[in-house]
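*Asks:* Now for the letters of each chain:
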Amino acid sequence: MTLVKTKIGRRAFIRNTGLASGGLVIGFNWLASCKMTPEQVSSLPKEWFELNGFLKVGDNGMVTIMSPNPEIGQNIKTAMPMIVAEELDVAWKDVIVEQAPLNTDIFTRQIAGGSQSIRQGWESLRMAGATAKQMLKEAAAQSWGVSADEITTKEGILSHEGTGNAAGYGEMASAAASIEVPEEVQLKETSDFSIIGTDTKNVDGKKIVTGQPLYGLDVYKEGMLTAMIVHPPAFGMTYKGMNADAVKSMPGIKDVFHFEVYPEGIEKQWSDQGGIPELVAIVGDSTWECMQAKKALEVEWEQSSKAESTSYHDEELLALLEKPTETPARKDGDVDAAFKNAAKIVESTYSAPYLAHNTMEPMNFFAHVTPEKAELLGPIQTPEFAEKTVAARLGMPVEKIDIMMTRMGGGFGRRLYGPFVIEAAVISQKMNAPIKLVYSREDDMTQGTYRPSYKVKYKAGLDADGNLIAWHVRGAGTNDSLVFEDRFPAGAVDNYLAEKHTLATNVTTGAWRAPRSNFIAGAEQAFMDEVAEASGKDPIEFRLELFDRAMNNPVGDPKKNDYDPERYAGVLKLVKEKSDWANSNGKARGVSAYYCHNSYVAQVLDLEDGGGDMPRVDKVHCAVDCGIVINPLGAKNQIEGGIIDGVGHSTFSAMSFKDGKPEQSNFDRYRLIRHSEAPKNIEVHFVDNGIDPTGLGEPSLPPIIAALSNALYKATGRRYYNQPFINERPPLVG
Amino acid sequence: MATFTLNINGTKQEVDVDPSTPMLWVLRDHLNLVGTKYGCGIAQCGACTIHMDGTATRACMLTVSSVGNSEITTIEGLSEEGNHPVQKAWLEVDVPQCGYCQAGQIMTASALLEKNPNPTDEEIEMAMNGNICRCGTYTRIKKAVKLAAKS
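Here the protein sequences come in this chain order: L and H.
For the first sequence, this note's numbering begins at 1 and goes up steadily by one.
For the second sequence, this note's numbering begins at 735 and goes up steadily by one.
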C-alpha cells in the first residue's frame, strides 16, 4: 500500500470550522428543501459525526459524502463521492451524496471546467476517505485494546482477527470524531478497488426522472420576486433611454430600472468575461408577467463601437491566413526549404462559425441580499470567482457572501462566466428582496460569450516515398489564437511551423466545451487524412509512423511536446482492432484521433449506406485512454454525449451576425441535432492502464468532427472543409 | 386576471392568473410543479412536455384559458412513486447527463407508448424528434424506450 502524507487540504480536516453537520452554515439549505426518497428517510441515522469536511458517519453506519464540485451533467456528483467511499471502505448503498456549498477553506478548486474535477480532486478525495477510515480504526483499536494496524475494514465493518472483535462504522463514529487527524495515511492499491471501476448509476437519477426540484430555475422561496433583463440587441451598443413608466404600471410589475453591472473601478475576475456593463432590469411577481413587460418595454440603444457582421469576420480572418506572423509560435527546421524539395504538396483551409452554448436550462440565479449578508443559489461553474466579484460589486466583505450550487441544466463552458450572478445580486440589493433572475432563451442565445469563429490553413510536404517532411499551420480566431503549437504532429516532423493570429472583435467569446480543440482537432485530423491519401498510405498507418517518429527520434525537445506518443498510438491501435479497420463492409468510414484535457481518444466512424449527400452516422467505435476509469457507466455516457455533441454542432449549428445583431435567437433558427440525426450506435472502449485519472467531459468531442468529415469524403468524394457541414452539400442540379 | 379550475394530476387546482399565461408558468410559478421545464418558450425543444388528455403537449404554448376540463398530467403525476415503466427504464439505462430535458423526454415517450406499445426505431425517433437533448443522450433514450416497451 502507498503511504502518503495528508498534505492536501489540511483545513478540510479541521473540524467544526465552518462546515457544521450537513453543511448548514450557509444559513439556508437548498438540499434540505429537496425531498428525500422514502428509502433515504427510513434509513437516516439519529446522529451524524463529522470526521472531516468531506464526510460524516451516522450512528447506524450510513455515510454522507459531500461532492465538492459543481455538477453540470459531467456526473462528478456520482464519481467524486465514489472515490471517497472507495478509500473509506464503505458499501456504496450506505452512502448519501450531498452537493457541498462553496467553501474554499475546506475544498480546493470547486470549479467545473477543463475536464479537471476528477484529475485534480483525485488525491484529496482519496485522502479524505483514507483519513476517516484510519480514525475509525484508531477508535476501534482504543475500544478493543489492540493495535490499529491489526484492524481490517470491509464495506463499513471494522474487524480484529486476533480477538474476534467486529463493529460497524456507526458504532465507532462518535469515538472516531475525537481522534486526532493522522499525519499519514495508507491509500489502497488500485488492484484492491471495489467501488472505483464499477458501473454506478447517477445519484440524482430518481429525482431527475420524477421531476423533483434540482436546478436553479426550480428555486422558489417565500416572498421571492422574478427578475428578467434586457440587453442591447446588437454588439457594440450602449444604453440611451427607455419608456419605463409605461411598463411599471403593468400587472404584477414591481419595478423597471437601468443598472450598471460593472461600474468603473470594480475589480473583475476572469469569470466576468463577456458581461455587459449596463442592462435594464424588469422585476415582477411572476415570470409570465415579466415576459409581457419585456415585450412592451422600449429601450433605446446607440451604436458605440463597430456593428460587425459575419461577412466582416470571415473576410478579416481569411486575410490573416495570408499573413505571416512576426514571431511563430513554434518553428522546427525550415518549412520553406522543405516545400521546395517536396515531391507532393497538400494545402487546405478549414473554417467554423461562432456557436452558442445553449444549455437547456437558460442562465438564472437566486439572490437574497440584505445589509447583513448575501445568499446566492444557482447554477455556476466558477462559484469561487463569482463570490469575489459579488463582494466587490455589493461593497460587502467576501465572508458575507454565501454561494450554493444547484445541479445545472448543462454547462459546456457557458457557466464558467458568471455575470448573471452579479446581476442577480445587484437586482436583489436594489429591490431589497429575494429575487430569481431568469434569462429567456432569447436573452441566453443573443447575449454572447460564444465559441469563437475560426479559420485555419494547413500546408504539408511529402517526399517521393510519401514521408511527411514539412507541416505548416496558420490559424486565426475571433478573440482567440486557436493553434496549439506543441501538439501533434509537432515533434514528429523535421520541418514544422505553427503560427497564430487573433482578430479582436466586440462579439464576446468564451470557452465552449473543449475550447479551441473543438475546431482545431477536426481541421487537423481531416487534413491528416488528405495528406495520408496523398502519401498513398493507410490513414492509421500514416499516423502510427508519425507517432513512432515522435517516440524514437523526436524533433526538438520532446519535453516540449504536449502529448505522449505512446498513449496516442495506443488508442489508435485499440480502435483499429475494435472496429476491424481492414474490413469496412463497404461502409464509408473515417478515422480520427486527438489528445486534449490530458486524455487520448481515437474514433472510427461508419456512415449509413444510401443516405444521400448527408448520410447519417451508423456507428462510432471509440477508444479512450483517460487512465483509471472511476465509473465506467458514467464515463461511457460522457463519451457518447461528446460524440453526439460533436457530430451535431459540426453538421448543423451556427451563430451568425448582421450589423452586430445575432441572426439566431431560439431553436427555430439555431439548429441542434435531434433524435433521428444522432449516430445509431456508439461503442466505447477504455484503455486499462492504472494511470491516475484524467479528463472525460470534453475529449471525445473534438476528434469526432474529423472522423465524420473523413467518412463523408469516402461517401461523397468531396472534402468537407467548412462547418456546419450541412451547408457543404453539393447544390441540387436542376 | 381570471380564475381557472384545472384538473392536474387528478386533483382540482384553482389559479388566478392572466388568461394568456402558458400552462408552463402556471405549473411552475403558481402550482409549485417545477418538473415541467422551460427551455425555449416556442415549442421547439420539448422540455415542457406534459400530457393533455393523454396527448403529449408543449406547455409553453398552451394558454391556461384553452385547457378547460382537460386532464393535465405532469412528470410529478406520471406515477405514484416514480415507478412508471418509462421512468424505471430511464433509471435502468442511466439515461440522464445534466437531466434537465429528461422530464420532457419521459413525457413524450410515455405518451408514445400509450398509443403505440411496440414502436419501431423510426417511430421512436419521429415521436421524440421534438425533444432536444443538449447533452446528447439520444442513443440511451432510444434504448430506454425500447426497454419500457418490453415491460
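For the record, the hints were derived by calculation from the structure and aren't laboratory data.
Treat each hint with caution, since some may be false.
[As the list claims (entries may be wrong)] Below, a list of computed lysine-lysine pairs in the BS3-like style, where the Cα atoms sit at most 25 Å apart:
no.: 1; chain 1: L; residue 1: K578; chain 2: L; residue 2: K559
no.: 2; chain 1: H; residue 1: K884; chain 2: L; residue 2: K560
no.: 3; chain 1: L; residue 1: K306; chain 2: L; residue 2: K661
no.: 4; chain 1: L; residue 1: K619; chain 2: H; residue 2: K746
no.: 5; chain 1: L; residue 1: K587; chain 2: H; residue 2: K746
no.: 6; chain 1: L; residue 1: K201; chain 2: H; residue 2: K746
no.: 7; chain 1: L; residue 1: K680; chain 2: H; residue 2: K877
no.: 8; chain 1: L; residue 1: K340; chain 2: L; residue 2: K93
no.: 9; chain 1: L; residue 1: K201; chain 2: H; residue 2: K822
no.: 10; chain 1: L; residue 1: K221; chain 2: H; residue 2: K746
no.: 11; chain 1: H; residue 1: K877; chain 2: L; residue 2: K206
no.: 12; chain 1: L; residue 1: K587; chain 2: L; residue 2: K388
no.: 13; chain 1: H; residue 1: K877; chain 2: L; residue 2: K578
no.: 14; chain 1: H; residue 1: K884; chain 2: L; residue 2: K221
no.: 15; chain 1: L; residue 1: K578; chain 2: L; residue 2: K537
no.: 16; chain 1: H; residue 1: K884; chain 2: L; residue 2: K206
no.: 17; chain 1: H; residue 1: K877; chain 2: L; residue 2: K619
no.: 18; chain 1: L; residue 1: K680; chain 2: H; residue 2: K746
no.: 19; chain 1: L; residue 1: K254; chain 2: L; residue 2: K388
no.: 20; chain 1: L; residue 1: K46; chain 2: H; residue 2: K746
no.: 21; chain 1: L; residue 1: K573; chain 2: L; residue 2: K295
no.: 22; chain 1: L; residue 1: K576; chain 2: L; residue 2: K587
no.: 23; chain 1: L; residue 1: K537; chain 2: L; residue 2: K459
no.: 24; chain 1: L; residue 1: K221; chain 2: L; residue 2: K240
no.: 25; chain 1: L; residue 1: K573; chain 2: L; residue 2: K559
no.: 26; chain 1: L; residue 1: K240; chain 2: L; residue 2: K306
no.: 27; chain 1: L; residue 1: K430; chain 2: L; residue 2: K294
no.: 28; chain 1: H; residue 1: K880; chain 2: L; residue 2: K201
no.: 29; chain 1: L; residue 1: K93; chain 2: H; residue 2: K746
no.: 30; chain 1: L; residue 1: K331; chain 2: L; residue 2: K459
*Asks:* If a hint holds in the structure, say so; if it doesn't, say that too.
*Replies:* Do the hints match the structure? See the list:
no., hint, verdict
1, L:K578 / L:K559, "violated, 31 Å"
2, H:K884 / L:K560, "violated, 55 Å"
3, L:K306 / L:K661, "holds, 11 Å"
4, L:K619 / H:K746, "violated, 49 Å"
5, L:K587 / H:K746, "violated, 57 Å"
6, L:K201 / H:K746, "violated, 36 Å"
7, L:K680 / H:K877, "holds, 11 Å"
8, L:K340 / L:K93, "violated, 67 Å"
9, L:K201 / H:K822, "holds, 13 Å"
10, L:K221 / H:K746, "holds, 24 Å"
11, H:K877 / L:K206, "holds, 18 Å"
12, L:K587 / L:K388, "violated, 54 Å"
13, H:K877 / L:K578, "holds, 22 Å"
14, H:K884 / L:K221, "violated, 42 Å"
15, L:K578 / L:K537, "holds, 20 Å"
16, H:K884 / L:K206, "holds, 21 Å"
17, H:K877 / L:K619, "holds, 15 Å"
18, L:K680 / H:K746, "violated, 43 Å"
19, L:K254 / L:K388, "violated, 29 Å"
20, L:K46 / H:K746, "violated, 39 Å"
21, L:K573 / L:K295, "violated, 57 Å"
22, L:K576 / L:K587, "holds, 15 Å"
23, L:K537 / L:K459, "holds, 18 Å"
24, L:K221 / L:K240, "violated, 34 Å"
25, L:K573 / L:K559, "holds, 24 Å"
26, L:K240 / L:K306, "holds, 17 Å"
27, L:K430 / L:K294, "holds, 19 Å"
28, H:K880 / L:K201, "holds, 19 Å"
29, L:K93 / H:K746, "violated, 39 Å"
30, L:K331 / L:K459, "holds, 14 Å"
Hints 1, 2, 4, 5, 6, 8, 12, 14, 18, 19, 20, 21, 24, 29 from the earlier list are contradicted by this structure; the remaining hints agree with it.
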